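Trainee: So the chains spell out like this:
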Amino acid sequence: MGRIVYAAAMSHVLAPDYYGKNVGPHGRAMVEELIDVVGVMGREMLAARPDALVVVADDHLNVFSFDAVPAFCVRIGRRVERMVQEDAIEFDRALDGLPERYPVHEDLANRVLEEGMEAGIDFAASWSAPLDHAFLSPVSVLCGEAPVPPLVPVWVNCFVAPQPSARRCIEVGRHIGRVIADGPWRVAMIATGGLSHFPALSLARLGTSDPAFDRRVIAALEAGDEHALRQLPMKELHETGSHELLNWLVLVGAVSPARARVRFFGEMGRIDLAALQWEVA
Amino acid sequence: MSRYDVNVVLYRLKKDAAFRARFVNEPRAALERADLTDEERDAFVRWDVRRLNELGGSLHLLVSIPHLGAH
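These protein sequence lines map, in sequence, to chains A and B. Everything in the first sequence is counted per my numbering, starting at 71 for the first residue and increasing by one. Everything in the second sequence is counted per my numbering, starting at 37 for the first residue and increasing by one.
Keep in mind that the hints are not guaranteed to be accurate.
[Said to hold, decoys possible] Computed footprint of chain B on chain A; a stretch qualifies when at least three of its residues, placed anywhere within it, have a C-beta under 8 Å from a C-beta of chain B: (1) 129 to 135; (2) 172 to 182; (3) 261 to 274.
[Claimed, not checked] Footprint (simulated), chain A over chain B, 3 or more residues, beta carbon under 8 Å: (4) 61 to 70; (5) 76 to 89.
Read the hints as simulated data drawn from the structure, not as lab findings. Just so we're clear, the structure is a prediction, and the values are computed from it rather than from any experiment. Glycine included, every Cβ here is placed at the ideal spot set by N, Cα and C.
Isolated chain A, as found in the complex:
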């Protein structure tokens, strides 16, 4: 019988130079502090000896174009590549030194996809989508120099309206948790992104976060209050710039009723940064 041996969620631009340039010294210092915390969490994750690492994150119009935007997509196949793009945005460029390929946990990825179809969770499947900073920035900090466990990348459409609802994200997570429980593997699962930034995806409002909303969400996560989380309207997530919380809600569905513990929370102004761990062990 399989189980989730480690579960966490964290911001995914773990790039001091980016925040140093766009926010200033306090932004750089805050993300450096977060990176230290995520590094410690990674050692704890690897100590739990996961056979696979499920990563739930979003696409930043790097992989999927407006020609087809999957609400949820599972990466299948044997290997997954790091995104390579000439003159990429600086926090993707920061991935340049990382390995070009990572193993996929093919059996678990296939089960998530196939059993999803049977259960009414209609995932898109991709054999070719590469991974950008939303996946590899947290994974590389978590694993450091250690080998990266075979991955199961799952994309959630956080940014192209209409997005899947909070309720649906939790249901998808519930399905992933069921597949893991029915399988033979020890699985680590992370969700990435957030907290609030880019309110209403408006360039004119770039640079502000919503700490009151973030504190309210974190309190609900700490309380394991799935009911409150599933009621969150997309309109409010959009207005506060909390689109990437959808990734976290998939994780919530997988580990519920576990409660979250805050490992890091920082209000930067441009974005609020966080790392949370769920008490699954």
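Fit chain B to the supplied structure of chain A, relying on the hints for placement.
Mentor: Structure of chain B alone, referenced to chain A:
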């Protein structure tokens, strides 16, 4: 508002270096075949990123186009 068409051009500017170079040199000519309204076309030609965002252009595309990104 042809949100799709604005984003098709933005995505191409991000991913297609030759198209981007042509756009930088001759924006109006580069967009000749794009299915845009006059207002959208003007915003592209002026490279008014806020206006393009208001017209439905994806924030994530607008901030990540090499050399033109609005970050």
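Trainee: Tell me if chain B covers the region 261 to 274 of chain A under the three-residue, 8 Å CB rule, please?
Mentor: With 5 residues close enough to chain B, the hint holds.
Trainee: Quick check: the region 172 to 182 of chain A, covered by chain B? Criterion 3+ residues, Cβ under 8 Å.
Mentor: This one is violated; 0 residues, fewer than the three required, reach chain B with a Cβ under 8 Å.
Trainee: Can you tell me if the region 61 to 70 of chain B counts as covered by chain A, using C-beta to C-beta distances under 8 Å and a minimum of three residues?
Mentor: Not satisfied, violated; 0 residues make the cut.
Trainee: Examine the region 129 to 135 of chain A for residues whose CB is less than 8 Å from any CB of chain B, and state whether their number is three or more.
Mentor: holds (count 4)
Trainee: Report holds or violated for chain A covering the region 76 to 89 of chain B, Cβ cut-off 8 Å, minimum 3 residues.
Mentor: holds (count 3)
Hint compliance for this structure: hints 2 and 4 are not met, and every other hint is.
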